[in-house]
Amino acid sequence: MSFVSVGFRTLFYKEMLRFWKVATQTIAAPILTAMLYLLIFGHVLEGRVEVYPGVSYTAFLVPGLVMMSVLQNAFANASSSLIQSKITGNLVFILLPPLSHWEILLAYVAASVVRGLAVGAGVFAITAWFAHLSFAAPLWIIVFAIMGAAILGTLGVIAGIWADKFDQLAAFQNFLIMPATFLAGVFYSIHSLPAFWQAVSHFNPFFYMIDGFRHGFFGQSDISPWTSLAIVSAFFAVLAAVAINLLRGGYKLRH
Amino acid sequence: MTAIQINSVEKSYKAFKALKGVSLTIEQGEFFGLLGPNGAGKTTLISTIAGLIRPDVGSVQIHGHDVVTDFREARKKLGVVPQELVFDPFFTVRETLRLQSGYFGIKNNDKWIDEVMENLDLTNKADVNMRALSGGMKRRVLVAQALVHKPPVIVLDEPTAGVDVELRQTLWKFISRLNREGGHTVVLTTHYLEEAQAMCQRVAMLKSGQVVALDTMSALLRRVSGSQLIVHLKSGSLPDDLRHLVSHDEHRDSNGSGSGNKYSLRVNDYAEVEPILARLRESGAVIDEMQLQQADLEDIFIQIMEKGAL
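Residue numbers (our numbering), protein chains in the order written: chain A, 403 to 657; chain B, 407 to 716.
Since the hints were made in silico from the structure, they are not lab data. Ideal Cβ placement from N, Cα and C applies to all residues, glycine included. Be careful, since some hints might not be right.
Calculated pairs, DSS-like style, for lysine-lysine (alpha carbon to alpha carbon, straight line, at most 25 Å) [claimed, not checked]:
hint, chain 1, residue 1, chain 2, residue 2
1, B, Lys556, B, Lys483
2, B, Lys482, A, Lys654
3, A, Lys488, B, Lys482
4, B, Lys544, B, Lys579
5, B, Lys544, B, Lys482
6, B, Lys544, B, Lys556
7, B, Lys483, B, Lys513
8, B, Lys613, B, Lys426
9, B, Lys531, B, Lys517
10, B, Lys579, B, Lys556
11, A, Lys423, B, Lys668
12, B, Lys544, B, Lys483
13, B, Lys420, A, Lys567
14, A, Lys654, B, Lys426
15, A, Lys423, A, Lys567
16, B, Lys420, B, Lys613
17, B, Lys420, A, Lys654
18, B, Lys531, A, Lys423
19, B, Lys579, B, Lys517
20, B, Lys579, B, Lys483
21, B, Lys668, A, Lys488
22, B, Lys544, A, Lys423
23, B, Lys640, B, Lys668
24, B, Lys423, B, Lys613
25, B, Lys556, B, Lys531
26, B, Lys556, B, Lys513
27, B, Lys668, B, Lys613
28, B, Lys423, A, Lys654
29, B, Lys531, B, Lys544
30, B, Lys482, B, Lys556
31, A, Lys567, A, Lys488
32, B, Lys420, A, Lys488
33, B, Lys513, B, Lys544
Listed next, the stretches of chain A that the computed footprint assigns to chain B, with coverage defined by at least 3 CB atoms under 8 Å from CB atoms of chain B [stated by the list, open to error]:
hint, region
34, 416 to 429
35, 478 to 492
36, 498 to 510
Bound-form chain A, shown alone (with noise of 0.2 Å):
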C-alpha cells in the first residue's frame, strides 16, 4: 500500500517535526487568537443574540471558532512548507527522491489535519471554559473537523505550489480562504441573514464544513448534516483531483 509507505510516513513525519518546532508560532498563537475572538465577541454579543433556542451566543460562538481554527491552521501548514520549501530550493529534496505524486499529497495533507486538530483541540480546551456546551452527535463533530481540515491542508497544496512568493500565498490566504471562513457562519447563523446573502452562503463550501461541525454540538444546525457531508466530500474530491494533477503535471514544480 503506497500511502503507508516509508516514504509516506517520512514525508508525514518531516511535515509534523516541522511545525512542531515552532510550536509558538504554529499552535499555541493560533490558540490565543481565537481566545480574543471569543473573550471580544462573546463580551459584546452575550444576552443580545439567540441563534438557536436555548442555546448562547457564546455556546454558539465557540464551535465555529474551533473549526475556524481547524481549517486556517490546515491551510497554513501545507501552504507555508511549500512556499518556504521553494523559495529556500530545499524542495529539491522532495522532488529527487521515488515519492509518488500520491505520497506527496497524503502526507502534506495528512499533517495539515493533525496541525489543525492539534489547534482545534487547543482552541476547544480553552474556549469551552467559557460556555456550557453539549455534545449532541460527537461522531459529526470528529467528521466535519477532519474533512474541513483534509480540504483546506489540500488548498494549502495547491496554493502552495502556485504560489511563486510569500505575497501571492498572502493573497489567496487574505482575498480567499479568509472571507469564505467569516462568511460561512463562524459569528452567526445564516438564517439571521438577508434573502439574497442566505442564497449566495449556500455556494460556500466552508459554510457546510462550519454548519456540519456545529451539528455535532448542538444536534441543530442550518441544513442536514448529511447534506453537508455531500457536498463537503465532493468538494474535497475536486479538489484532490486538482492537487495530484498538479503534481502529476509537475506544475511550477517540475520545469
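Take the given structure of chain A and dock chain B to it, following the hints.
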C-alpha cells in the same frame, strides 16, 4: 551495463534553446566529466537526468528506467548533489540524513548514515542544526544526502564550487573510493578543470547546448599536439623560421604588442626541443628562462570552446 542513456534531448525556455539534441551514453562504473562554460547547458542536462526538468524532445534513462514514465525506479538509482547550497533550517544534520533516507524508502539506515558522515568529516556536526553550519559543511551534507540511499549512479553538479581545499580532498577521496571499490558511476560537472583531468576517465564538453567533444581523457589530451616550450629571451629575438611554432596568443605579442620577448612554441615531442634551442643560439638570442609545459585539459577546453572542435 548502461548507467545513463540520454537520447536527443532538447529543452527550450521560450526562445532560448538550452539543449539542442544532446545524446550521451555513460556506462556503469565510469567516472564521467561534463564540462562547459557557464550557460552551456550542463545544469539543465543534469536537472533533466534528475527529473527536475522535463525535456521538450528526447528521453533519459537511468539503468534502463525512463526518468519521466518510470521515475520511481529511475530515481532510486540516482543520487544528485545540486549546485545550489540548499538546506532545511528546521533540522539537524542527522535528522536531515534520516529524512532523506526515508524519502528513498529506507528505514533504520543509521549505520550507513554514520559511515557517510564519518567519510565526509561530519560526525562531530551530526546534532548541529543546519543553520549553524558553514557553507563548506552544508556542502558536505548535500553530498551525504545524495549518497544516503547508496545510489549506483551519482551526479555531482559543481560540488567543489567555493569550498576549501580540505573539503575537496575529503570529497574526492570518498567519491573515488565509491567509484573504484563500489563500482558507482560518477558524473561530475566542475569549473576546476584540473579536478576533471585528475578524476574523470571520459569527458563530454558542452557548448551552447550541444556536445562539441566526447572522448576519453587520454584521447582528448593526445588531441592537442605535444607540449608548449616557453622561452623568455634576455636578448635577441625569435628567428623568423621559428615563428610558425608560436602559439596563437603569443604570436600577436611577438609581432609588436605585449611582452615581446616571451614566446610559447608548440613542440610535438622532446626531440624537437634541442634543434629549437640550437637555432636560438645561432641567431644570437640569449635565454633568460625556459619551461616545457605539457598540454592539459584547460588547453583543450579553451581550444574547443574557441574553435568548436580540435
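Verification of the supplied hints:
1. Of the pairs offered as hints, the one joining B:Lys556 and B:Lys483 holds, with about 8 Å between alpha carbons and a cut-off of 25 Å not exceeded.
2. Straight-line distance between C-alpha atoms of B:Lys482 and A:Lys654 comes to about 23 Å, which keeps the hinted pair within the 25 Å bound.
3. Straight-line distance between C-alpha atoms of A:Lys488 and B:Lys482 comes to about 23 Å, which keeps the hinted pair within the 25 Å bound.
4. Distance restraint check for B:Lys544 and B:Lys579: the Cα-Cα separation of roughly 18 Å lies within the 25 Å cut-off, and the hinted pair is therefore satisfied.
5. Only pairs whose Cα atoms come within 25 Å are accepted, and B:Lys544 paired with B:Lys482 is accepted, the gap being roughly 23 Å.
6. For the suggested pair B:Lys544 and B:Lys556, the alpha carbons sit about 20 Å apart, so the restraint of at most 25 Å is met.
7. Distance hint between B:Lys483 and B:Lys513 is fulfilled; the C-alpha atoms sit about 17 Å from each other, no more than 25 Å.
8. Between B:Lys613 and B:Lys426 the CA atoms are separated by roughly 10 Å; this keeps the pair inside 25 Å, and the hint holds.
9. In summary, the hint linking B:Lys531 to B:Lys517 is supported, as the alpha carbons are separated by about 16 Å, within the 25 Å threshold.
10. Taking the CA atoms of B:Lys579 and B:Lys556, the gap is near 17 Å; set against the 25 Å cutoff, the hint holds.
11. As the CA atoms of A:Lys423 and B:Lys668 are separated by approximately 65 Å, the hinted pair breaks the 25 Å bound.
12. Of the supplied pair hints, the one linking B:Lys544 and B:Lys483 holds, its CA atoms being roughly 23 Å apart against a limit of 25 Å.
13. This hinted pair checks out: B:Lys420 and A:Lys567 have alpha carbons roughly 22 Å apart, not beyond 25 Å.
14. Between A:Lys654 and B:Lys426, the direct Cα distance comes to roughly 23 Å. Compliance with the 25 Å bound is thereby established for this hinted pair.
15. For the proposed pair A:Lys423 and A:Lys567, the alpha carbon gap of about 23 Å is at most 25 Å, so the pair holds.
16. The straight-line distance between the Cα atoms of B:Lys420 and B:Lys613 is roughly 19 Å, inside the 25 Å bound, and the hint therefore holds.
17. For the hint linking B:Lys420 to A:Lys654, the alpha-carbon distance of about 15 Å falls within 25 Å, and the restraint holds.
18. Between B:Lys531 and A:Lys423 the CA atoms are separated by roughly 19 Å; this keeps the pair inside 25 Å, and the hint holds.
19. This hinted pair checks out: B:Lys579 and B:Lys517 have alpha carbons roughly 20 Å apart, not beyond 25 Å.
20. Proposed proximity of B:Lys579 and B:Lys483 is supported: the alpha carbons are some 22 Å apart, at most 25 Å.
21. Under the criterion of a C-alpha separation no larger than 25 Å, the hint pairing B:Lys668 with A:Lys488 is inconsistent with the structure, at around 54 Å.
22. The hinted pair formed by B:Lys544 and A:Lys423 meets the criterion: a straight-line CA distance of about 21 Å does not exceed 25 Å.
23. Pair hint B:Lys640 plus B:Lys668 holds up; C-alpha atoms about 9 Å apart against a cutoff of 25 Å.
24. The suggested pairing of B:Lys423 with B:Lys613 holds, with an alpha-carbon distance near 12 Å, which does not exceed 25 Å.
25. Proposed proximity of B:Lys556 and B:Lys531 is supported: the alpha carbons are some 21 Å apart, at most 25 Å.
26. A hinted pair counts as satisfied when its Cα atoms are at most 25 Å apart, and B:Lys556 with B:Lys513 qualifies at roughly 13 Å.
27. Only pairs whose Cα atoms come within 25 Å are accepted, and B:Lys668 paired with B:Lys613 is rejected, the gap being roughly 32 Å.
28. For the given pair, B:Lys423 sits about 19 Å from A:Lys654 by alpha-carbon distance, which is consistent with the 25 Å threshold.
29. For the hint linking B:Lys531 to B:Lys544, the alpha-carbon distance of about 10 Å falls within 25 Å, and the restraint holds.
30. For the hint pairing B:Lys482 with B:Lys556, the CA-to-CA distance comes to about 9 Å; that is within 25 Å, so the pair holds.
31. A hinted pair counts as satisfied when its Cα atoms are at most 25 Å apart, and A:Lys567 with A:Lys488 qualifies at roughly 9 Å.
32. Of the pairs offered as hints, the one joining B:Lys420 and A:Lys488 holds, with about 22 Å between alpha carbons and a cut-off of 25 Å not exceeded.
33. Our distance criterion of 25 Å between C-alpha atoms is met by B:Lys513 and B:Lys544, whose separation comes to about 23 Å.
34. Figure legend: the region 416 to 429 of chain A, annotated as covered by chain B; annotation consistent (5 residues with Cβ-Cβ distances under 8 Å, at least 3 required).
35. Check result for the region 478 to 492 of chain A against chain B: holds, 4 residues qualifying (beta carbon to beta carbon below 8 Å, three or more required).
36. For the region 498 to 510 of chain A, the stated coverage by chain B holds: 5 residues have a C-beta nearer than 8 Å to a C-beta of that chain, and at least 3 were required.
The structure shown violates the earlier hints numbered 11, 21 and 27.
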